[in-house]
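Novice: Note that the protein sequences, when read in sequence, are chains A and B.
Heads up: the first sequence is residues 563 to 758, going by our numbering.
Heads up: the second sequence is residues 563 to 758, going by our numbering.
These aren't lab readings, by the way, just hints derived from the structure by calculation.
All figures in this text were calculated on a predicted structure; none of them were measured in a lab.
One thing to keep in mind: the hints can contain errors.
The list treats identical chains as interchangeable, and a pair is accepted whether it falls inside one copy or across any two copies.
DSS-like cross-link-like pairs, simulated, lysine-lysine; straight-line CA separation at most 30 Å [what the hints assert, rightly or not]:
1. K617 to K589
2. K711 to K738
3. K617 to K708
4. K742 to K691
5. K617 to K757
6. K742 to K757
Number of protein chains: 2
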Amino acid sequence: MGRIKTSENFSRKNIILNKAAALFKEKGYQAASMRDLAEIVGVEAASLYNHIKSKNDLLNEICFKVANKYNQKLSNIETENSTCLSKIESLLRFHIQEMVENFEEVFVSDREWKHLIEPYLTNFQTQRKTYRKRFAAMIDAGIKNKEIKKIDSTTAVLIMLHAISGIESWHRSKQKISGKALEESMITILVGGLKK
Amino acid sequence: MGRIKTSENFSRKNIILNKAAALFKEKGYQAASMRDLAEIVGVEAASLYNHIKSKNDLLNEICFKVANKYNQKLSNIETENSTCLSKIESLLRFHIQEMVENFEEVFVSDREWKHLIEPYLTNFQTQRKTYRKRFAAMIDAGIKNKEIKKIDSTTAVLIMLHAISGIESWHRSKQKISGKALEESMITILVGGLKK
Chain A
563 MGRIKTSENF SRKNIILNKA AALFKEKGYQ AASMRDLAEI VGVEAASLYN
613 HIKSKNDLLN EICFKVANKY NQKLSNIETE NSTCLSKIES LLRFHIQEMV
663 ENFEEVFVSD REWKHLIEPY LTNFQTQRKT YRKRFAAMID AGIKNKEIKK
713 IDSTTAVLIM LHAISGIESW HRSKQKISGK ALEESMITIL VGGLKK
Chain B
563 MGRIKTSENF SRKNIILNKA AALFKEKGYQ AASMRDLAEI VGVEAASLYN
613 HIKSKNDLLN EICFKVANKY NQKLSNIETE NSTCLSKIES LLRFHIQEMV
663 ENFEEVFVSD REWKHLIEPY LTNFQTQRKT YRKRFAAMID AGIKNKEIKK
713 IDSTTAVLIM LHAISGIESW HRSKQKISGK ALEESMITIL VGGLKK
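Required output: the full structure, derived from the provided sequences and hints.
Specialist: Quick look at the structure:
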């Protein structure tokens, strides 16, 4: 009985988190209210507080959940026994797929993290910087072993991440091409652009 | 005397437009007030109205000024007698240089145009779509004549424009590399990524 209740709470909470991500993406974190969220979830605003402490708590959970996923993937890729270019390709494909498939939470963690409250704000910002440095280090390793053209690795990371966050316009458009075709065109251009 | 006054008005208005672009970029169009602008320009709020009708009028002028510059450049490049790839390279270099050198007005016209009022809103949006289509057509021409890899040209435009709008983070960062070095790395990756 206790176990069933816990699992019900877990899935209820997951629903709330998903709806919150959709709401924050749509209205922006600041403009979104707990009342809006209650309406979308289909419960009384008061009952949301059985599952979460505050609107800011929701933002924390979304941002740190996404951060965990990205950090884990990057660590896995770093330890792969393959070329730098193939590691970078794996990482880019992961980023593209996340933007295509888990758009709302990825979008919110990428654009709305500035509304996190300390100590989470500084912590999250540091994680972002570290992530980009590890990505740049992968590119530098590829330049060093002559797989990749001699370019500024920080600029390369900037190009890759911004190009991928542009998938936002694909979501807003009529999506004339599939997510998979989008991924292939992006990889062709971005990995092709790095390759020596 | 009359002529001097006109040229004084012209330069005063230009100063106001530049300061408005900086203000809209910093605070966002909606949050920025004419009072803020007056303070930055160093005049009474009332005297701004000798030069412009309204806050929205300023946004119009910024957006359409930028649109003119980009449309003109694209038309010039389209008629150049050169390869598709070299036309695309010229266009990308222009975009990068504008983002580096005229960051504030380019940023505002790219992010805040949604606050334009009809008929300007629809007009501006149509111009954006047309511009992207002409850019995509340049890429398609290059695919057809085998200069460029077989990719989805709409995705390629999305990648290029978003990568370049990422120069925003370069402005926010400590700018460890020069605008020129940034341009060269971007061109290496983006043009290199298209090239067959």
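Novice: Find the hints from earlier in the document that the structure breaks and name them by number, from lowest to highest.
Specialist: Result: hints 3, 5 break, sorted rising.
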